[in-house]
Amino acid sequence: EAGVTQFPSHSVIEKGQTVTLRCDPISGHDNLYWYRRVMGKEIKFLLHFVKESKQDESGMPNNRFLAERTGGTYSTLKVQPAELEDSGVYFCASSRLRGPQETQYFGPGTRLLVL
Amino acid sequence: AQSVTQLDSQVPVFEEAPVELRCNYSSSVSVYLFWYVQYPNQGLQLLLKYLSGSTLVKGINGFEAEFNKSQTSFHLRKPSVHISDTAEYFCAVSEYDNFNKFYFGSGTKLNVKP
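Residue numbers (the working numbering), protein chains in the order written: chain P, -1 to 113; chain D, 304 to 417.
Please keep in mind that the hints were generated in silico from the structure rather than gathered at the bench. Accuracy of the hints is not assured; some may be wrong.
Claimed, not checked - Label pairs and their computed distance ranges (CB to CB): (1) Ser331(D) / His8(P): 28 to 34 angstroms; (2) Ser329(D) / Glu55(P): 23 to 29 angstroms; (3) Ser355(D) / His8(P): 38 to 44 angstroms; (4) Pro315(D) / Arg109(P): 23 to 29 angstroms; (5) Pro417(D) / His8(P): 27 to 33 angstroms; (6) Ser357(D) / Gly69(P): 30 to 36 angstroms; (7) Lys76(P) / Val332(D): 32 to 38 angstroms; (8) Thr308(D) / Gly57(P): 16 to 22 angstroms.
To be verified - Derived list of chain D stretches under chain P, where covered just means 3 residues or more per stretch with a C-beta under 8 angstroms from a C-beta of chain P: (9) 347 to 359; (10) 398 to 412.
By construction, the Cβ of each residue, glycine as well, lies at the ideal position given by its N, Cα and C atoms.
Given only the sequences and the hints, what does the whole structure look like? Please build it.
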């Protein structure tokens, strides 16, 4: 079974540009999560999809961030326009069901650097 | 809001020595507790979790953790580490009524030396 995959693995862009990150969850996993780790600090929750619906987007930092999950399969996270403070590692995770007994499986992350 | 503190950003240890990685949390509600490990160039992998029951939880790769409610701690231990345990370790909590939202600590890099 393939794990959670993320693309690209690295991205270097200039301030003001747009970047789109993609996450492919494990097949059959309805729950998809985005997290971000900035400057080696704690990993912070961004949002949670159940299928194509946003269940919780309380962690989205501002309206420059747009997450979508059309069709309930892969998800994209767009940052437009990117700012310096958006640099960090963006993780995606997925789980089959909701509930604490369900493990969240994480992808390797996308390392974003905004210059 | 939750907060998770991992007091040690880096822990160097010699192979076959014991290790303890510390994790403390602050919360006004009941929580679930997790430890994840990230090996280089890989995603985070669940080591163990505490949901209820026995406060001593055993996980993969010989790791265990003990939930101490009075001290709001969930320290990770291994009696004898291997070179392959070199990785970054993250402690996380989630609330009973919002269990899908994880709050992570800032991570502890474990460096096992020969």
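Mind checking the hinted window 16 to 22 angstroms against the Cβ distance between threonine 308(D) and glycine 57(P)?
holds (19 angstroms)
Given a hinted range of 30 to 36 angstroms, is it respected by the beta-carbon distance of serine 357(D) and glycine 69(P)?
violated (42 angstroms)
Cβ separation of lysine 76(P) and valine 332(D), checked against the hinted range 32 to 38 angstroms
holds (33 angstroms)
Is it true that serine 355(D) and histidine 8(P) lie within 38 to 44 angstroms of each other by Cβ?
holds (40 angstroms)
Given the hint of 28 to 34 angstroms, check if serine 331(D) and histidine 8(P) actually sit that far apart at their C-beta atoms.
Hint violated: Cβ distance 39 angstroms, outside 28 to 34 angstroms.
Quick check on a hinted range of 23 to 29 angstroms for serine 329(D) and glutamate 55(P), using CB atoms only.
holds (24 angstroms)
Proline 417(D) paired with histidine 8(P), Cβ distance criterion 27 to 33 angstroms
holds (31 angstroms)
Please check whether proline 315(D) and arginine 109(P) have a Cβ separation lying inside 23 to 29 angstroms.
holds (25 angstroms)
For the region 398 to 412 of chain D, count the residues whose Cβ lies under 8 angstroms from any Cβ of chain P; is that count three or more?
n = 10 at 8 angstroms, threshold three: holds.
Residues of the region 347 to 359 of chain D with Cβ under 8 angstroms from chain P, three needed, outcome:
holds (count 5)
Taken one by one, the earlier hints fail for this structure at numbers 1, 6, listed in ascending order.
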